[in-house]
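Novice: Please take these sequences and the hints and turn them into a complete structure.
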Amino acid sequence: MRNLASLVFTAGLAFLLLVIAAQLGFGEPPMRVGGAILEQAPAEVGAANIVTAVLLGYRGIDTLGELSILFAAATATGLVLVRGRKDCGHGTSDPPGGFILRTGADLLFPLLLVVGFYIILHGHLTPGGGFQGGVILAAAFFVLVLARPGADGSGGTSHTAIAFIEGLAGAGFIAIGLWSLWDGGEFLAPLLGKGVMGELLSAGTLPLLSLAVGLKVGAELAGLMTQLAEQPAGPQHPHPQAEDRGS
Amino acid sequence: MSAMGPDSLSFVVVMYVGAFGLLVIGAIGMVMSNHLFRMVLALVIAEAGANLLLVLSGWRDGALAPILGTHAADVPMVDPVPQVLVLTAIVIGVGVQALAVSVLLKIHRIYGTLDVRALRRHLELDICRDAGMAPEGSREAPAGERPLPPPIPVADALRTAATDQTGATS
Chain A
5 MRNLASLVFT AGLAFLLLVI AAQLGFGEPP MRVGGAILEQ APAEVGAANI VTAVLLGYRG
65 IDTLGELSIL FAAATATGLV LVRGRKDCGH GTSDPPGGFI LRTGADLLFP LLLVVGFYII
125 LHGHLTPGGG FQGGVILAAA FFVLVLARPG ADGSGGTSHT AIAFIEGLAG AGFIAIGLWS
185 LWDGGEFLAP LLGKGVMGEL LSAGTLPLLS LAVGLKVGAE LAGLMTQLAE QPAGPQHPHP
245 QAEDRGS
Chain B
1227 MSAMGPDSLS FVVVMYVGAF GLLVIGAIGM VMSNHLFRMV LALVIAEAGA NLLLVLSGWR
1287 DGALAPILGT HAADVPMVDP VPQVLVLTAI VIGVGVQALA VSVLLKIHRI YGTLDVRALR
1347 RHLELDICRD AGMAPEGSRE APAGERPLPP PIPVADALRT AATDQTGATS
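Chains as they are written, first to last, in our numbering: chain A, 5 to 251; chain B, 1227 to 1396.
It should be emphasised that the hints constitute simulated quantities derived from the structure, not laboratory data. Quantities reported herein were computed from a predicted structural model and do not represent experimental measurements. All residues carry an ideal CB built from backbone N, CA and C; glycine is no exception. Please note that the accuracy of each hint is not assured.
Per the computed footprint, the stretches of chain A lying under chain B, defined by three or more beta-carbons under 8 Å from a beta-carbon of chain B, are [to be verified]:
1) 8-20
2) 61-70
3) 103-112
4) 115-128
5) 169-183
Calculated Cβ distances over 10 Å to all of chain B for the following chain A residues [said to hold, decoys possible]:
6) Q27
7) G189
8) L195
9) L196
10) L212
Which residues of chain B face chain A? A partial, calculated answer using Cβ under 7 Å [unchecked claim]:
11) F1246
12) V1250
13) V1270
14) L1294
15) M1303
16) G1321
17) L1325
Specialist: Here's what the structure looks like:
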């Protein structure tokens, strides 16, 4: 009965989606906002990558909102998991990774850091930017955590460092926005001149904002992953009725 | 995506079918699975479908990526706004998935299972215990044994209520 209801529900959902699809113009979007941005962005922002120009220039305050959503998710994860960490300490954790995994992680870590920072700093020139590079930075730290579970490397001390970088990057993003507000423009309006399109130091404050976004995303995700990785595997405090009421 | 000529229509139809298919598969998985972690995985699949649909909504026939300097200036470019939306949605999706997995970890640590039916039983027991009543004491208990326990006769209930009242007033 429940399966039947679910099938009817999903069939209805598929029907609605198909009705929407029937009204779409395939390959010819209206592009009212997008067309205007494509026309004006090269002269106004000066970033070769128009996606980054939209992300940090035209929709900068939305990006700030999305960073705060990420921050809220990371904070909520910390709130949910902090009790267990206090209870069980660092007792039971995953077995060590072994020689090959550890060496591979040590080799990968600097490469991933370099690639991450490259993608962050070239976000206004090539495909990429703060979000993508930040995820690669987080992956660099997570490779270390996976290869050396438990006490090594990113144990207790790096939590404060991660929180510090995260706060610094978020404050830097807002500070750049306030700077342009104080400079007479709108919040997060690009400053510092456009420069020559296609060079590394161009597009005003966009590379700085991109760096702030990248550090913040990387720190948030690395913090999330280390918090998840520190959790012991099995049930630690089984419910008092969980055993005697089996199934 | 470069210009594909007459093939581009079939290309975009395939991509739209893929996006809708991922959305529907994710919805089926979320509704029909009985395991919480599989629900999270189905959510991830549906999210991929939604992201693909958003990116496709900015796709133009024969247009290139919106990056200047890599092609001639008069070539049409795709809509950059959906790409920005998807760019942030993917990262936020990772954050939300981490939050969901942390809640699942907590549930698994407390109840020792992620099966929805077992969890429902445990939760009902917990609610009954907190309310101070026997697990199957309520007539409205959803998963109670059949046949149902006999209801309290109305006359008895009224009499006890009346004695309570007189006891309180006297």
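Novice: Taking the hints in turn, state whether each one holds.
Specialist: Now the hints, each set against the structure:
1. 8-20: holds (count 6)
2. 61-70: holds (count 4)
3. 103-112: Violated - the stretch 103-112 of chain A has 0 residues with a Cβ nearer than 8 Å to chain B, which falls short of three.
4. 115-128: violated (count 0)
5. 169-183: It is violated: at least three residues are needed, and the stretch 169-183 of chain A offers just 0 whose Cβ sits closer than 8 Å to chain B.
6. Q27: With a cut-off of 10 Å, Q27(A) remains clear of chain B, as the shortest Cβ separation is near 12 Å.
7. G189: holds (21 Å)
8. L195: holds (21 Å)
9. L196: holds (19 Å)
10. L212: Consistent with the label, L212(A) stays out of reach of chain B, its closest Cβ about 19 Å off (over 10 Å).
11. F1246: holds (5 Å)
12. V1250: holds (5 Å)
13. V1270: violated (15 Å)
14. L1294: Constraint on L1294(B) satisfied, holds at 5 Å.
15. M1303: Holds, about 6 Å.
16. G1321: Constraint on G1321(B) satisfied, holds at 4 Å.
17. L1325: Holds - the Cβ of L1325(B) comes within 7 Å of chain A, reaching about 5 Å at its closest.
Of the numbered hints given earlier, the model fails hints 3, 4, 5 and 13; all others are met.
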